Amino acid sequence: ELKVEQNPLFLSMQEGKNYTIYCNYSTTSDRLYWYRQDPGKSLESLFVLLSNGAVKQEGRLMASLDTKARLSTLHITAAVHDLSATYFCAVVRDMRFGAGTRLTVKP
Amino acid sequence: GAGVSQSPSNKVTEKGKDVELRCDPISGHTALYWYRQSLGQGLEFLIYFQGNSAPDKSGLPSDRFSAERTGGSVSTLTIQRTQQEDSAVYLCASSLQQDTANEQFFGPGTRLTVL
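Protein sequence lines, in the order shown, are assigned to chains L and D. According to my numbering, the residues represented by the first sequence are 1 to 107, in order. According to my numbering, the residues represented by the second sequence are 1 to 115, in order.
Be aware that one or more of the hints could be misleading.
To be verified - DSBU-like cross-link-like pairs, simulated, lysine-lysine; straight-line CA separation at most 35 Å:
(1) L:LYS41 <-> L:LYS17
(2) D:LYS15 <-> L:LYS41
(3) D:LYS15 <-> L:LYS3
(4) D:LYS15 <-> D:LYS57
(5) D:LYS11 <-> L:LYS41
(6) D:LYS11 <-> L:LYS3
(7) L:LYS106 <-> L:LYS17
(8) D:LYS57 <-> L:LYS3
(9) D:LYS57 <-> L:LYS41
(10) D:LYS17 <-> L:LYS3
Treat the hints as calculated values from the structure; they're not laboratory data. Note that the coordinates shown come from a computational prediction; the quantities given were computed from them, not determined experimentally.
Chain L on its own, in the form it takes in the complex:
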């Protein structure tokens, strides 16, 4: 059975700090997605990673994909409070999402 594992599940950061969220998956897939969910809201697409070595950046967030290692990372640079949310990675082809990383950025 396909497993998608994220870590950490909870992350409390100070503003201005950097951190990385990891997403491991157990099947061969060359496609991985990252979503953001604010409390009480639905999911918003952040990144679509389509091939090995793909790297995408948007503001303070950068996502990468290593299909050989079956690993994707979401790197946060100089965190700000507005980034507080839950972040999900997903192997969408298999309809499998990670459990989510709840990020809190504190002043």
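Starting from the known structure of chain L, arrange chain D on it as the hints suggest.
Then chain D, alone, in the frame of chain L:
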């Protein structure tokens, strides 16, 4: 353009009652997905429709759950004889086509509470 819409936004029902949840996908999207998200949890896949193909029902938790998609557009998720453990947010998503680079676009969800 309009995104994925779901109705109702909130539904409170009594244990044992049947409920129907509706999803209107983005126009032109051939793939439609239903997920369930329990409080503080990730997404649990329920069912997937792609065009006129037979749906992938592999995620449905029990035979009390069923879904239809009429005319390749609107979908209805039905839960019969609801139980308290069915309480969750039910999310619908659509995409242009599965097995392409097109990501899923999510609706706002229906929050189901079974008393």
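Original post:
What hint numbers does the structure not satisfy?
Top reply: none
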